[in-house]
Amino acid sequence: MLQMTVGRVGSLLTRRGVMALTSANVRMASHGHGVSEQADLSLPMYWDRLDTPLPDKAYKDELTATDKSLKQKEKGPWTKLTNEEKIALYRIAFKDTYPEMKVPSHEWKTVVGGMLIFFGITGLIVIWQSHYVYPPTPHTFAPEWQAKQTQRMLDMRVNPIEGFANNWDYEKKQWK
Amino acid sequence: MSLQKPIMRGLLAKRLRFHLPIAFALSLVAAAAFKYGVTEPRKQAYAEFYKQYDAMKEFNGMKEAGIFESVRPSGE
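So the sequence lines, in the order shown, correspond to chains A and B.
Sequential numbering from 1 applies to the first sequence in this note's numbering.
Sequential numbering from 1001 applies to the second sequence in this note's numbering.
Isolated chain B, as found in the complex (with noise of 0.2 Å):
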């Protein structure tokens, strides 16, 4: 008849003992898959921009375009 006597105590150092590494071991996951996915490709972006990148001949496309106030288009 008699049931078996339940775990009384411990509980949470059981759960914790169980949850523990996995809520690690997915923050390691998360951390590394923002790095790789988000952090690195935009360094790679403007890493390969500014290879290329002529700051006069911007200035002079924007110039042409007519969108700053002190030096008009050339045109102009």
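With the rest of the complex left out, here is chain A (with noise of 0.2 Å):
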């Protein structure tokens, strides 16, 4: 039951990990299921983060014959560009914009559901333990001996101003 537990959680894990591999823009990797071939990662890679707005390099390392001449018209004045063109190069820089990075996944399920399974996992443990491990509880956890070490504590005075022996009424004799 343990096996398959963290087996099912490490296949969804793992499925993610590959997705990350691919937005990473491997484009080695993209293809394969992300074992054959690795990036090199000593070269700057492209990666799509929320905090780092402008990646080591861009996107697109394959220019197509429109990228190209896209890209020498880049080189003119920016206004003489169309608002395709702006988004065209945009598209070769960038691989998702930021509201397309923003998009929740639902990773957060399989976090919390691995959290609540060792939760019960640990629950489960310390039943075990609780009652094949601990030894017998002390005398001094016994009604009787509690009742005494009560009685002790209110004639000892114990924080009569605000505390324990506040709350015992001297003269009546019973709690307030």
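Some clues are possibly wrong.
Some, not all, of what chain B presents toward chain A, calculated at C-beta under 7 Å [as the list claims (entries may be wrong)]:
no., residue
1, Ala1045
2, Tyr1046
3, Phe1049
4, Ala1065
5, Ile1067
In silico SDA-like pairs for lysine to any residue, Cα to Cα no more than 20 Å straight-line [unchecked claim]:
no., chain 1, residue 1, chain 2, residue 2
6, B, Lys1005, A, Asn83
7, A, Lys73, A, Ala88
8, B, Lys1063, A, Pro160
9, B, Lys1005, A, Thr82
10, B, Lys1051, A, Ile161
11, A, Lys86, A, Thr66
12, A, Lys172, B, Asp1054
13, A, Lys86, B, Gln1004
14, A, Lys173, B, Phe1049
15, B, Lys1005, A, Ile87
16, A, Lys176, A, Gln149
17, A, Lys148, A, Tyr170
18, B, Lys1051, A, Arg157
19, A, Lys68, A, Thr52
20, A, Lys71, A, Ala88
21, A, Lys176, A, Ala165
22, A, Lys57, A, Asp40
23, B, Lys1043, A, Glu162
24, A, Lys57, A, Asp96
None of these hints come from the bench; they were simulated from the model.
As the structure is a computational prediction, the values presented were derived from the model and not from experiment.
Quick reminder that beta carbons are idealized off the backbone N, C-alpha and C, glycines included.
Starting from the two chains in their separate frames, assemble the complex, guided by the hints.
Rendered as structure tokens:
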């Protein structure tokens, strides 16, 4: 049961791991299963991050002829570019727009589920432990001993102003 | 077509102008709440306790209860 649970969570997360690999434009690994070819991590990589607006390199490496001519036009005044050309230039340099990056994923469900599974396993371990591992409770926890202890605390006037003995009425010999 | 140029400068200053007075006011409120909710009642409680406090009576009560080792209850 334990192995099955861990395997289920693990496969969910590795699927997301492969997804992250493709989104980082590891173009060589994007068609495979992510194991055959790995990108050279010593070279600058493209990465969509909310807090890093300008990644180390542009998204598209291989430009088509139209892209190349667009890049030439980009060297001139930008007022001459149409809106579609501006968007095309953006898509050459970047993969996702900020709203596309911020699209919520379903990862939190995996995280919360895994968390709760481990809480449950820990709970079972704790129950087993309290039954099989712990020694017998000390005799000082018995009700009679607790009553004698309380009486002694009241006799000593423990915290008589705002605390323990404050709640006891010494005239009437009862709790206030 | 053209969008308005977004605000490029003074973003932190604008945020502070809004949030600092609120933060200051809330801190004062927290301090006042603690003073009048906790410390003043506590001072009152101590004052009331010691108005009617008879040290010898308390000591005799504790002595008769038998908690001291140096002086035993009057019966023994």
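For each hint, the structure was consulted:
Taking 7 Å as the C-beta cut-off, the interface hint given for alanine 1045 (chain B) holds, the closest approach to chain A being about 5 Å. A distance limit of 7 Å between C-beta atoms decides the matter here; for tyrosine 1046 (chain B) the minimum to chain A is near 6 Å, and the interface restraint holds. Hint status for phenylalanine 1049 (chain B) relative to chain A: holds, with the closest Cβ pair at about 5 Å, below 7 Å. The criterion of a C-beta within 7 Å of any C-beta in chain A is met by alanine 1065 (chain B), whose closest approach is roughly 4 Å, and the hint holds.
Satisfaction of the interface hint for isoleucine 1067 (chain B) is found here, the shortest Cβ-Cβ separation to chain A being roughly 5 Å, below the 7 Å cut-off. With a CA separation close to 16 Å, the supplied pair lysine 1005 (chain B) and asparagine 83 (chain A) stays within the 20 Å bound. Using a Cα cut-off of 20 Å, the hinted pair lysine 73 (chain A) and alanine 88 (chain A) holds, with the two alpha carbons roughly 12 Å apart. For the hint linking lysine 1063 (chain B) to proline 160 (chain A), the alpha-carbon distance of about 16 Å falls within 20 Å, and the restraint holds.
Of the supplied pair hints, the one linking lysine 1005 (chain B) and threonine 82 (chain A) holds, its CA atoms being roughly 18 Å apart against a limit of 20 Å. Proximity of lysine 1051 (chain B) to isoleucine 161 (chain A) is assessed by CA-CA distance (about 12 Å); at most 20 Å being required, the pair is judged to hold. A threshold of 20 Å between alpha carbons decides the hint, and for lysine 86 (chain A) with threonine 66 (chain A) the separation of about 13 Å falls inside it, so the pair holds. For the hint linking lysine 172 (chain A) to aspartate 1054 (chain B), the alpha-carbon distance of about 18 Å falls within 20 Å, and the restraint holds.
About 17 Å separates the Cα atoms of lysine 86 (chain A) and glutamine 1004 (chain B), which keeps this hinted pair within 20 Å; it holds. Distance check on the hinted pair: lysine 173 (chain A) and phenylalanine 1049 (chain B) sit about 18 Å apart at the alpha-carbon level, within 20 Å; holds. Restraint check for lysine 1005 (chain B) and isoleucine 87 (chain A): the C-alpha separation of about 18 Å stays at or below 20 Å, so the hint holds. A C-alpha spacing of about 19 Å is found between lysine 176 (chain A) and glutamine 149 (chain A), which places the hinted pair at or below 20 Å, so the restraint holds.
At roughly 17 Å between alpha-carbon atoms, lysine 148 (chain A) and tyrosine 170 (chain A) fall within 20 Å of each other, so this suggested pair holds. Restraint check for lysine 1051 (chain B) and arginine 157 (chain A): the C-alpha separation of about 17 Å stays at or below 20 Å, so the hint holds. Taken as a hint, the lysine 68 (chain A) and threonine 52 (chain A) pair is broken in the structure, with Cα atoms around 26 Å apart against an allowance of 20 Å. For a cut-off of 20 Å, the pair hint linking lysine 71 (chain A) to alanine 88 (chain A) stands: about 10 Å separates their Cα positions.
This hinted pair checks out: lysine 176 (chain A) and alanine 165 (chain A) have alpha carbons roughly 10 Å apart, not beyond 20 Å. For the given pair, lysine 57 (chain A) sits about 14 Å from aspartate 40 (chain A) by alpha-carbon distance, which is consistent with the 20 Å threshold. Distance check on the hinted pair: lysine 1043 (chain B) and glutamate 162 (chain A) sit about 10 Å apart at the alpha-carbon level, within 20 Å; holds. Proximity of lysine 57 (chain A) to aspartate 96 (chain A) is assessed by CA-CA distance (about 14 Å); at most 20 Å being required, the pair is judged to hold.
Figure legend: structure checked against the earlier numbered hints; the only hint not met is number 19.
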